[in-house]
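Use the sequences and the hints to build the structure in full.
Given next are the chains, with one letter for each unit.
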Amino acid sequence: MKKVFYFLRLSLTLMLVCGIAAGALAATYSVTQPVVEEQEKRETIEKYKDVLKIFEVQGIAPVENVEALKNGKEVVEGLEAVFDIVKGTEKIGVAITTGANGYGGLVKVAVAIKADGAIAGIKILDISGETKGVGDKVVEEPGFIKQFIGKTVNDPLKISTDIDAISGASITSRAVTQDVSDAAKIFKEFAGGS
Amino acid sequence: MKRSVWRDFTIGLIEENPLFGLVIGLCAALAVSSKVENAIFMGVAASFVMVASNILISVIRKAVPNEIRIPIFIVVIASFVTIVDLTMKAFFPAVYAALGVWIPLIVVNCIILGRAEAFAYKNGVIRSIADGLGKGLGYTLVILVMAVIRELGGTGQIVAFENTIISLKGFQPPQILQSFPGAFFTFGLLMGLLRKLQGKGE
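Protein sequences, first through last, are from chains V and S. So the mapping is simple: the numbering used here equals the position in the first sequence, first residue as 1, plus 687. So the mapping is simple: the numbering used here equals the position in the second sequence, first residue as 1, plus 115.
Hints in this document: simulated from the structure, not taken from any laboratory. For glycine and all other residues, C-beta sits at the position ideal for the given N, C-alpha and C. Mixed in with the good hints, there may be bad ones.
Covered stretches of chain V (in silico footprint by chain S; criterion: 3 or more residues with CB under 8 Å from a CB of chain S, positions within the stretch not fixed) [what the hints assert, rightly or not]:
#1 696 to 708
#2 711 to 717
#3 720 to 728
Cut-off 25 Å, straight-line C-alpha distance, at most; resulting in silico cross-link-like pairs (SDA-like, lysine to any residue) [unchecked claim]:
#4 V:K728 to S:G215
#5 S:K237 to V:L699
#6 S:K177 to S:L248
#7 S:K177 to V:F694
#8 V:K845 to V:P829
#9 V:K838 to V:T848
#10 V:K801 to V:I832
#11 V:K833 to V:G804
#12 V:K824 to V:A852
#13 V:K872 to V:G792
#14 S:K177 to V:S698
#15 V:K824 to V:K838
#16 S:K311 to S:L252
#17 S:K177 to S:C225
#18 S:K204 to V:A714
#19 V:K728 to S:K204
#20 V:K728 to S:A205
#21 V:K728 to S:Y211
#22 V:K690 to S:V179
#23 V:K728 to S:P208
#24 S:K204 to V:A713
#25 V:K728 to S:M203
#26 S:K237 to V:Y693
#27 S:K204 to V:Q720
#28 S:K204 to V:G706
#29 V:K810 to V:V826
#30 V:K690 to S:R184
#31 V:K690 to S:A178
#32 V:K819 to V:R861
#33 V:K689 to S:E182
#34 S:K177 to V:C705
#35 V:K819 to V:I846
#36 V:K872 to V:A852
#37 S:K237 to V:I707
#38 S:K237 to S:V120
#39 S:K204 to S:A167
#40 V:K690 to S:I175
See the structure below:
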């Protein structure tokens with residue numbers, strides 16, 4: 688009987704220590720977490736500012752619920768960020784970053800879509816997984832990207848029927864096309880309305 | 116015979132220096148000593164955890180049953196490390212990104228558990244603080260010296276806190292000092308030099 692109490696005492700001591708530690712950590716977390724989130728938001732905006740220069744926008748505002756978009760309904764894979772593009776206080780469009788599987792990893796593309804659904808600009812962000820000198824043709828040949836501009840989110844975007852792939856870089860071309868049509872889907876599902 | 120508190124502090128600097136004297140906790144030291152800035156932050160973080168966990172363990176040592184002392188030490192150390200980790204992530208994001216996994220890994224750094232077990236569990240608070248400070252400073256000094264050698268020798272300049280502190284002109288830096296083999300060479304040569312100066316290793 689004595690032994691039982693002894694072990695009980697050991698477990699209770701350990702439990703008490705762990706409880707106090709958990710409390711201390713929770714307190715620290717509640718102080719630092721808002722700072723961390725603020726910082727991450729700033730970093731993301733900084734990252735996309737550079738990208739969004741090509742769209743000649745004056746400012747961007749991150750859509751707060753991108754995580755909710757991702758978790759609630761998994762519409763597309765690889766959705767990374769959604770921004771409202773704003774001119775003054777008016778929302779003139781949406782910028783969406785997605786990643787689709789290419790030859791050797793995710794091909795990441797930022798797509799700017801005007802409020803009326805027209806695709807206004809495309810910037811390829813990351814093709815580091817693609818073969819050098821082959822996959823990067825999607826960046827070097829401006830004609831490829833131009834095919835998307837002016838289409839709307841309701842137009843079919845199918846590789847080799849609607850969009851001509853770059854010969855030799857068909858996998859990367861397909862990934863970019865997938866990204867753009869994913870972005871169109873996101874726009875239609877969530878981000879279109881202001 | 117009892118050592119003086121001052122001695123508790125100074126013994127950590129050279130004779131029982133965690134890295135050169137006791138030769139423990141090396142992997143993090145070798146990894147972070149490629150940049151002076153990283154070495155400073157790692158040294159401060161490890162010293163803070165060491166002093167804080169030494170204090171707390173020394174305070175609660177009489178209430179800690181012998182059988183479960185190790186789990187309790189680990190919980191105490193892990194809590195302090197997590198506090199440091201969260202604080203650095205919030206207020207020094209650039210350094211946090213550079214130090215990466217090495218901050219959480221302070222938990223399993225045997226120097227700190229070693230001090231808890233060998234010193235703080237058996238000694239009073241004041242002496243435990245002196246011990247933690249001495250070992251922490253000893254650790255910081257060694258990785259700082261290594262970082263100066265490796266960064267200056269390996270890249271030709273020292274950049275810390277967004278300022279170039281020293282820049283060597285017309286010097287082709289051997290890149291190996293920046294890589295892991297360079298860390299081993301630097302560490303080994305420094306340790307050999309120290310032993311020679313101490314008159315050991317004849």
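For each hint, the structure was consulted:
no.: 1; hint: 696 to 708; result: holds (count 7)
no.: 2; hint: 711 to 717; result: holds (count 4)
no.: 3; hint: 720 to 728; result: holds (count 4)
no.: 4; hint: V:K728 to S:G215; result: holds (20 Å)
no.: 5; hint: S:K237 to V:L699; result: holds (23 Å)
no.: 6; hint: S:K177 to S:L248; result: holds (22 Å)
no.: 7; hint: S:K177 to V:F694; result: holds (18 Å)
no.: 8; hint: V:K845 to V:P829; result: holds (19 Å)
no.: 9; hint: V:K838 to V:T848; result: holds (14 Å)
no.: 10; hint: V:K801 to V:I832; result: holds (17 Å)
no.: 11; hint: V:K833 to V:G804; result: holds (17 Å)
no.: 12; hint: V:K824 to V:A852; result: holds (10 Å)
no.: 13; hint: V:K872 to V:G792; result: holds (22 Å)
no.: 14; hint: S:K177 to V:S698; result: holds (17 Å)
no.: 15; hint: V:K824 to V:K838; result: holds (22 Å)
no.: 16; hint: S:K311 to S:L252; result: holds (22 Å)
no.: 17; hint: S:K177 to S:C225; result: holds (23 Å)
no.: 18; hint: S:K204 to V:A714; result: holds (15 Å)
no.: 19; hint: V:K728 to S:K204; result: holds (14 Å)
no.: 20; hint: V:K728 to S:A205; result: holds (13 Å)
no.: 21; hint: V:K728 to S:Y211; result: holds (17 Å)
no.: 22; hint: V:K690 to S:V179; result: holds (18 Å)
no.: 23; hint: V:K728 to S:P208; result: holds (13 Å)
no.: 24; hint: S:K204 to V:A713; result: holds (15 Å)
no.: 25; hint: V:K728 to S:M203; result: holds (17 Å)
no.: 26; hint: S:K237 to V:Y693; result: holds (23 Å)
no.: 27; hint: S:K204 to V:Q720; result: holds (9 Å)
no.: 28; hint: S:K204 to V:G706; result: holds (24 Å)
no.: 29; hint: V:K810 to V:V826; result: holds (9 Å)
no.: 30; hint: V:K690 to S:R184; result: holds (18 Å)
no.: 31; hint: V:K690 to S:A178; result: holds (18 Å)
no.: 32; hint: V:K819 to V:R861; result: holds (17 Å)
no.: 33; hint: V:K689 to S:E182; result: holds (16 Å)
no.: 34; hint: S:K177 to V:C705; result: holds (17 Å)
no.: 35; hint: V:K819 to V:I846; result: holds (22 Å)
no.: 36; hint: V:K872 to V:A852; result: holds (21 Å)
no.: 37; hint: S:K237 to V:I707; result: holds (23 Å)
no.: 38; hint: S:K237 to S:V120; result: holds (14 Å)
no.: 39; hint: S:K204 to S:A167; result: holds (19 Å)
no.: 40; hint: V:K690 to S:I175; result: holds (23 Å)
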